Amino acid sequence: MQTTIVNAKEKATEAKTPQANAANVVVQQVSGSVAVMEAFLAEGVETIFGYPGGAIMPIYDALYDYRDKMEHILVRHEQGAIHAAQGYARTSGKTGVVFATSGPGATNLVTGLADAQIDSTPLVCITGQVFAHLLGTDAFQETDIINITTPITKWNYQVTDANEIPSVLAKAFFVAKSGRPGPVLIDITKNAQVQKFEYSGYSTCEFIRSYRPKPIVRKEYIQQAAEIINAAEKPFVVFGQGVILGKAEKEFKQFIERSGIPAAWTIMGLSALPSDHPLNVGMLGMHGNYAPNVLTNECDVLIAVGMRFDDRVTGRLDKYAKQAKVIHLDIDPAEIDKNVKATVPVWGDCKETLPLLTELLEQKCYPQWLQKFKQLEQEEIAACIYKELNPSTEEMTMGEVVKVLNELTNGDAVIVTDVGQHQMVACRYAKFNQSMSNITSGGLGTMGFALPAAIGAKFGAQDRTVVAIIGDGGFQMTLQELGTIMQCGVDVKILILNNRFLGMVRQWQELFHSRRYSFVDMESPDFVQLAKAYRIDGQSISNREDLKAALQEMLAHKDSYLLEVMVGKENNVFPMVEAGTSVSDIRLK
Amino acid sequence: MFKQEFTITIYTENTIGLLNRIAIIFSRRKINIESMNSSPSEIDGIHRFTIVINETEEVVRKLARQIEKQVEVLKAYYNSGDEIVWQELALYKVPTDEIAEKVKVERLLREFGARAVVIRKDYTVFETTGHREETEKLLKVLEPYGLIEFVRSARVAIIKDSHGFHEKLKEFEALNPSGELVTNEYLNQQEEVFDV
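From first to last, the protein sequence lines are chains A and B. Mind the numbering: the first sequence is residues 1 to 589 in the UniProt record's numbering, read in order. Mind the numbering: the second sequence is residues 1 to 196 in the UniProt record's numbering, read in order.
By construction, these hints were calculated from the structure, which means they are not laboratory data. Since the model is a prediction, treat every value here as computed from it, not as a measurement. For glycine and all other residues, C-beta sits at the position ideal for the given N, C-alpha and C. Misleading hints may appear alongside valid ones.
Stated by the list, open to error - Derived Cβ-Cβ restraints for the label pairs, each shown as a range:
1) T581/A with V59/B: 37 to 43 Å
2) Q378/A with K3/B: 46 to 52 Å
3) Q375/A with V59/B: 56 to 62 Å
4) R28/B with R316/A: 18 to 24 Å
Starting from the given sequences, assemble the full structure and let the hints guide the process.
This is how it looks when you write it as structure tokens:
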């Protein structure tokens with residue numbers, strides 16, 4: 001393959017007769033903005049979430065010519081764009097793409113970038129920037145977005161010359177999606193967007209000298225891990241989103257089925273293993289299930305797969321699984337020993353390491369050990385689950401709403417949750433049959449995440465039902481995205497669980513601040529009327545007898561629908577591991 | 001675990017903003033950097049950072065892994081003082097008349113291994129290199145003679161047990177060779193939008 005350097009006249013001829021030069025790389029004069037579009041096409045970008053503005057106008061102008069090849073979703077706020085891209089990435093397994101203008105447009109991406117960084121979501125965000133000669137002059141709508149976003153991006157870069165665009169975007173997509181995924185921000189100055197340059201095609205990036213997305217798998221560690229697992233009497237698996245990101249659900253299932261080990265999930269790992277799998281023993285962490293939390297401190301071998309021992313999962317580290325040998329499988333070497341010391345580290349992509357490990361395992365089962373999980377589950381059911389799902393009170397509980405939703409969707413829906421009590425209840429009680437079905441802001445805990453993320457989730461999984469479960473507080477943080485739903489006609493079911501409080505803060509104030517409810521009592525507008533103003537149908541219910549029919553109506557509705565369910569004001573989410581305590585000190589009430 | 005002095009050596013691409021990206025890893029954890037040096041290495045296009053901090057080994061090990069996570073970082077090593085050969089450069093500016101009249105310059109230079117860099121009527125600049133305590137000694141001697149200015153560089157260090165990074169780099173590249181170039185299949189279908 002050779003590069004043809006041609007003069008302007010030849011370029012015109014060549015562009016019109018590309019087949020004549022099929023063996024050569026065609027060199028054409030294109031603008032930086034067109035090069036961005038070409039990069040997107042080559043990377044398979046189908047959907048872009050964004051908001052135009054002065055400094056990104058040339059890119060939007062180029063997009064106008066590509067509008068039949070790529071869909072652009074005009075959001076109502078840049079934060080909505082990036083959360084939508086996160087939802088899209090999490091249901092489609094592809095890289096989410098975002099456009100924003102300079103200054104306030106770019107800074108409005110900050111929350112979503114931080115969210116995507118901590119939850120390892122692959123994103124490529126393109127921000128417009130002022131002309132290069134104005135950089136550093138406090139020009140109109142100029143912010144130093146590169147330095148602002150450095151700690152919350154996997155990689156970022158400022159383009160000031162159009163010649164850089166093809167290689168920088170190729171690198172951006174490669175970095176975003178490879179290894180442990182993450183968000184990348186590319187800031188392009190306006191002069192680079194309009195600048196014409198000799199464009200000789202787009203080459204995807206597969207290698208960067210200084211970047212090793214996957215560590216080399218060390219077979220001796222796999223061997224050591226297998227020996228420890230085979231000798232274990234009470235082994236326990238905890239798994240996280242690494243299973244989903246590695247597309248290793250099948251390999252993970254084979255691993256636990258061969259080893260016969262009970263497995264519990266973090267909320268980011270939820271849906272990687274079907275809810276009804278006999279070895280699925282529930283949720284870990286602060287509002288997780290009783291048995292997996294208690295038995296973490298009784299197992300003799302703890303096998304962590306693609307999870308990072310977040311403090312919400314471990315509670316007090318000095319009292320976490322001290323009796324256990326820890327085998328940690330992770331693609332990110334920096335996660336090994338970060339919080340919990342590993343007896344054996346298994347570096348690598350779990351899609352690669354799990355089969356190697358499974359191959360060395362003896363077929364086993366641990367009936368007595370598994371029975372312990374079942375016994376403790378019965379205690380949890382008696383103490384709180386039964387009451388939550390079958391309340392004797394007049395007020396509805398969040399748990400019973402999720403239970404009826406499960407019955408109607410058969411575990412096939414994508415559930416997108418916001419942050420707070422409803423999130424914990426949804427994660428505890430929602431049932432899933434397939435992976436990439438639970439979309440939530442796990443690490444950053446971003447209120448306002450769910451509504452825009454649900455829009456993106458639907459674009460990423462168009463044949464699936466997407467239900468956004470949102471609290472009254474979080475909904476009001478990004479409710480302007482109802483306008484996006486109205487305009488693009490996306491079908492999102494919005495289920496507001498309204499307890500007229502900032503529920504989780506109130507629960508903590510009740511438990512740890514002597515019921516001093518400091519500024520958590522929340523007045524809300526008429527959500528149904530509000531939705532109607534955006535041409536979205538809906539209703540509000542407060543009686544239990546209306547619940548099933550209302551959920552059925554919501555699910556059967558051909559377009560988006562908003563259902564507000566008034567739930568008990570002072571319901572608490574239990575069990576709970578109090579901050580600063582051990583996971584085995586989990587309280588049932 | 002006790003805190004001690006560690007020297008972190010980082011091999012990186014030479015790109016804008018990387019200094020900030022690395023510095024943030026320390027500042028986010030509220031770790032003070034004692035000294036930081038950045039300069040080209042023996043390999044074209046590869047820079048070498050030398051960073052000195054006081055921390056426990058456990059913290060330093062985690063920091064090194066976080067640094068290595070950065071896309072443009074090739075490798076981060078950390079070493080205690082006895083695992084490296086290190087030097088700092090110091091410059092001392094003193095009034096020439098004072099130093100000429102009251103100090104036996106020749107003896108001074110010999111005793112401290114110093115070198116006169118500039119000799120002017122009004123001032124003289126000496127240079128020494130060595131460990132902190134060595135450069136500090138000359139500072140103490142010169143202070144009574146009207147020391148005008150003093151500056152000490154960041155540490156530069158060579159790891160004793162190392163065969164050079166360029167061999168390691170060759171290994172990296174052998175393990176991950178560049179892929180074949182892929183030309184954008186859509187390029188030639190888009191002539192209507194190209195301004196030719």
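Hint check:
In this structure, T581/A and V59/B break the distance hint of 37 to 43 Å, their C-beta atoms being roughly 25 Å apart. About 49 Å separates the C-beta atoms of Q378/A and K3/B, a value consistent with the hinted range of 46 to 52 Å. Between Q375/A and V59/B the beta carbons are some 41 Å apart, a value that contradicts the proposed interval 56 to 62 Å. Distance hint check: the CB atoms of R28/B and R316/A are about 23 Å apart, consistent with the given range 18 to 24 Å.
The structure fails to meet hints 1, 3 from the earlier list, while all remaining hints are met.
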